[in-house]
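Asks: Residue numbers (the numbering used here), protein chains in the order written: chain Y, 1 to 235; chain G, 1001 to 1660.
Please note: incorrect hints may appear among the correct ones.
[To be verified] Label-pair distances were calculated between CB atoms; the ranges are:
| no. | chain 1 | residue 1 | chain 2 | residue 2 | range |
| --- | --- | --- | --- | --- | --- |
| 1 | G | Ser1496 | Y | Glu187 | 17 to 23 Å |
| 2 | Y | Pro83 | G | Asp1530 | 51 to 57 Å |
| 3 | Y | Arg52 | G | Glu1421 | 48 to 54 Å |
| 4 | G | Pro1414 | Y | Asp145 | 55 to 61 Å |
| 5 | G | Gln1630 | Y | Asp145 | 52 to 58 Å |
| 6 | G | Asp1530 | Y | Ser211 | 36 to 42 Å |
| 7 | G | Tyr1366 | Y | Pro83 | 52 to 58 Å |
| 8 | Y | Thr106 | G | Pro1414 | 37 to 43 Å |
| 9 | G | Gln1630 | Y | Gly210 | 45 to 51 Å |
[As the list claims (entries may be wrong)] Restricting the straight-line Cα-Cα distance to at most 25 Å, the calculated cross-link-like pairs of lysine to aspartate or glutamate (DMTMM-like) are:
| no. | chain 1 | residue 1 | chain 2 | residue 2 |
| --- | --- | --- | --- | --- |
| 10 | G | Lys1651 | Y | Glu187 |
| 11 | G | Lys1651 | Y | Glu40 |
| 12 | Y | Lys104 | G | Glu1589 |
| 13 | G | Lys1651 | Y | Glu108 |
| 14 | G | Lys1651 | Y | Glu204 |
| 15 | G | Lys1380 | G | Glu1412 |
| 16 | G | Lys1351 | G | Asp1395 |
| 17 | G | Lys1351 | G | Glu1433 |
No wet-lab data here; the hints were simulated from the structure. Glycine residues also receive a C-beta, built at the ideal position from the N, C-alpha and C atoms.
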Amino acid sequence: MRTFLVFLLLSVACGIAAAAESIILQRADGEVSIRHGVAEVWNKVARGDLLRPNDTIRTGKGGNVVLLVQLGTALASKRITLPPHVIVDMSDIRDLTQEELMLKLTMERVRGSSYQWKNDGMAIPDAAVVHGANDAAPVPLSENDIQTGHLQLNGVRVLYENGFFASCVLRAMEVFRLYPALGASFEHRLMLAEAMEKANLRGEALAEYGSVSRLEGLTPGQQQQVQSRLQTLRK
Amino acid sequence: MGVTVIGTMTYSQSLVDARALTLGAYAPAVRDTREFPANPAGLVGIRDWDFSITTYTGTEPESFGFVFHALSFGKRLYEDGALALRYAPGTEMTFVVPTTLFIGEGNIPASIDREIRYREPFALGFGHRILPSLSAGFGIRFRRDEVLDTRYTLVIRDTISYPASSPVTYASAAWLADLGFQWKAADRLNVSALARNLLSFRNGDTGDPLDAYLLSTSPAAELGLGYTPLSGLSLFASASTRGNGALSAEWLAGPELSIRGSLFMDRNDASFMQAFSAGFGWTYEFLDIDAGYLRFFNRASHTGTTPAASFDPADISNLDLNPYSRDRLALSVKVIFGRVRQSLAHIEEVKLFGGIYPSSYEMLAYQPIGKVRVKNISAKPIHAKASFFVERVMDAPTESQPAYILPDQEVEIPLTAVFNEQVKRVQTLTVREGNVFVNATPAEEYDDKQQTRVLFHGKNAWNGDVNTLRFFVTPDDPAILRYSRDVLLQYRDSLSGISGMLERFTKARVLINTFAGRLLYVSDPKQSADFVQYPSETLTTLGGDCDDMTVCFASLLSSIGVSTAFVDVLPPERPADGHIFLLFDTGVEPRYGSHVSDNPKRYVVRRNQAGVETLWLPIETTMITKGFDQAWTRGAQRYFDDVEVGLGLVKGWVRIVDVN
């Protein structure tokens, strides 16, 4: 019996480590919409809908969603509850391996080695030639809607609370890129640092905690909280 | 006539070269005119003209000092054959038999001393390489055996009669023919075999007293081995059916200096371990200087005198080294002349990695097209360079970096090639002769050369590697520049009010939409995967497959200053679904992404060449006839499925190659 339980736990653990086999919308209350793939329109959802990995769920006021995630094994399934005001990509509901996470982070930092040949003097030129000055007055652009960024960060927290730390890290970094203003939020940056720590990204976590400690307007309590984590990690 | 003591006047009987003197087992080591009669097969090593001269001196106080010993000339007659001639006035042994007849009480000698003289003044050799690893040589030696004696006659004049003596010479000449072989049995092993006196012809005087002193002309066999256990160290051994042999070693102490030593053995000598020799050689390009010292172990013999009872001409198997030879010091100089020379390096194998794709010919100046395996066949370390040349499509041979190669060592040298523009005019699959050269000698054209067939693909051929697809991108092609300029001019008014941040995005949309409207067809992406149209050809034909479209749009976008990248998808479980599509840089910063799309899945945040993160749009070029938005939607969907959901980039089955 004990052996069976160990086997069962291992099966569940392994299942979670893989991508979700299917995601079923078990319950949807309030404002809930879905966006399929790369489409730009949001559609209504219905209970029992089978969601695809490239779908995105958004909850609004009073919105509440329960997802039944079927994992790699028949025995393994997980319920995830989405509170109001979140945006979650279904592709994030999975656990990446440490190697996959590290590679993704590395690739985001480095554009790749495909520029190496430029050093060999074999660059293909850009043929554009600009003559004279552009006198046209620059048209100011507005930044991305911060509200959408908040929804996405709330979704990131859902990932964190459900143990999808790798997805949480990657998504949070993506949101901060699209919504730089949100990077000043102590609690969200702290969540990112903690997710990095839990995803075994010690170096990245140290850097992120260091960055958080330099945020403006931190309270003494927040500073102490960050320093405490830094000291623990440095041991 | 009784003989009690014989004095030997050894003008010479040494091995006729200082190198040969110090490499007693010389037959496997012959490689030029130096002591070529030891094995004429070694003459194949002659470069062109080869000249060597030797002098020597005895080490005893009564020695004559340095005397001229021999002069040899050699000439390579053709690629695999060489001839040599030696004139060796110093190759001579003279035995003096003191007088034994006295007249009266005054100890007046009644006769002059008898001299027994052996000379071998001429030798001729011819070597021919039968196979790359086997050469044979034929040699003729001329030997002259002489006895200078006194003839007595009784002179009767009136009432007086008295004995009178007059010198008389008895001479016999012998022509001796040898046959030798050198065989490179293995990488580090040389074998030599010789038949001495295989043919012999004798003419001249016969009878007493000459017959008693004639040297043997009976045949004999010799076997020699040369082995290189370590780079720079060679060991030699030889043995003869006459009962003599030698063990020798040669060590390359430096690029130009050799240290040598030998042990000589002869069962006919007073002691079996007969002698040792030591010396060195110094080489500089066309000049070789060798010095050697020979010393016999048995100090009681080899003194210059021999008891008559122990003197036996049969002990003299050759005039070079025999029981009557003496210690000596030899010095030789060898000089080579002429243009043809001994190669220092040899091409063992040429291997080309594949055909030449004219489209990516620039890359071949940096990436090897093949390799050449080069062997150092000289006795010293070399720096060898390989070069590759194909007429008409190259202006000059492309030379590799020099490779340091130790003697007998092999090294693989990569071949690169700088082609000229002519290569892009190759229309279809063509085979041409390529020349691979190896050069290890300064101021010489090459040491070895080998021809190889080079396959040239047509100018539109593509090897399927997405890294080389970018070479089809030609933004500076006048046809491309003209087209993009005309389109932008046409939409100049509508583009004028666009924000600078969105300028590239909008221009790209206009350009793509305009050209998409002109396209007549886009064929199945699986078709002609190894054939890619140049953008100007696509502009003319107004059609193509995904590769053609991708490079065409990359060229159009690049021509207006938009950076592009290829996305190469090769699903591991569905390799037949391999596909290429395009990414282009909008130049829009991520924080303004909503101006491009509300759905972040429609763009990719990437760093551009300047290291700034911007939004890049995936474009499925096979959907381009349906317009920019459709091509973008399909491209974004594909990118998201393959890269984000499938983790293709992380797992390596999706590659992004930046074009510019």
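Asks: Against each hint, give a clear statement of whether it holds in the structure.
Replies: We went through each hint and held it up to the structure:
A hinted range of 17 to 23 Å is violated for the C-beta pair serine 1496 of chain G and glutamate 187 of chain Y, which are about 45 Å apart. Checked against the hint of 51 to 57 Å, the pair proline 83 of chain Y and aspartate 1530 of chain G passes, with Cβ atoms roughly 55 Å apart. The hint said 48 to 54 Å for the Cβ distance between arginine 52 of chain Y and glutamate 1421 of chain G, and at roughly 52 Å that hint holds. Look at proline 1414 of chain G against aspartate 145 of chain Y: about 56 Å separates their beta carbons, and that is inside 55 to 61 Å.
Separation of glutamine 1630 of chain G from aspartate 145 of chain Y is about 26 Å and departs from the stated range, judged on CB atoms against 52 to 58 Å. At roughly 50 Å, the beta-carbon separation of aspartate 1530 of chain G and serine 211 of chain Y lies outside the given 36 to 42 Å, and the hint is violated. At about 57 Å, the beta-carbon gap between tyrosine 1366 of chain G and proline 83 of chain Y stays in the expected band of 52 to 58 Å. Look at threonine 106 of chain Y against proline 1414 of chain G: about 30 Å separates their beta carbons, and that is not inside 37 to 43 Å.
Hint check: glutamine 1630 of chain G to glycine 210 of chain Y, Cβ distance near 46 Å, so the stated range 45 to 51 Å holds. The straight-line distance between the Cα atoms of lysine 1651 of chain G and glutamate 187 of chain Y is roughly 33 Å, outside the 25 Å bound, and the hint therefore fails. Using a Cα cut-off of 25 Å, the hinted pair lysine 1651 of chain G and glutamate 40 of chain Y is violated, with the two alpha carbons roughly 29 Å apart. The hinted pair formed by lysine 104 of chain Y and glutamate 1589 of chain G meets the criterion: a straight-line CA distance of about 20 Å does not exceed 25 Å.
This hinted pair checks out: lysine 1651 of chain G and glutamate 108 of chain Y have alpha carbons roughly 15 Å apart, not beyond 25 Å. Restraint check for lysine 1651 of chain G and glutamate 204 of chain Y: satisfied, since their Cα atoms lie roughly 22 Å apart, inside the 25 Å limit. About 18 Å separates the Cα atoms of lysine 1380 of chain G and glutamate 1412 of chain G, which keeps this hinted pair within 25 Å; it holds. With a C-alpha separation of about 22 Å, the suggested pairing of lysine 1351 of chain G with aspartate 1395 of chain G holds against the 25 Å cut-off.
Using a Cα cut-off of 25 Å, the hinted pair lysine 1351 of chain G and glutamate 1433 of chain G holds, with the two alpha carbons roughly 14 Å apart.
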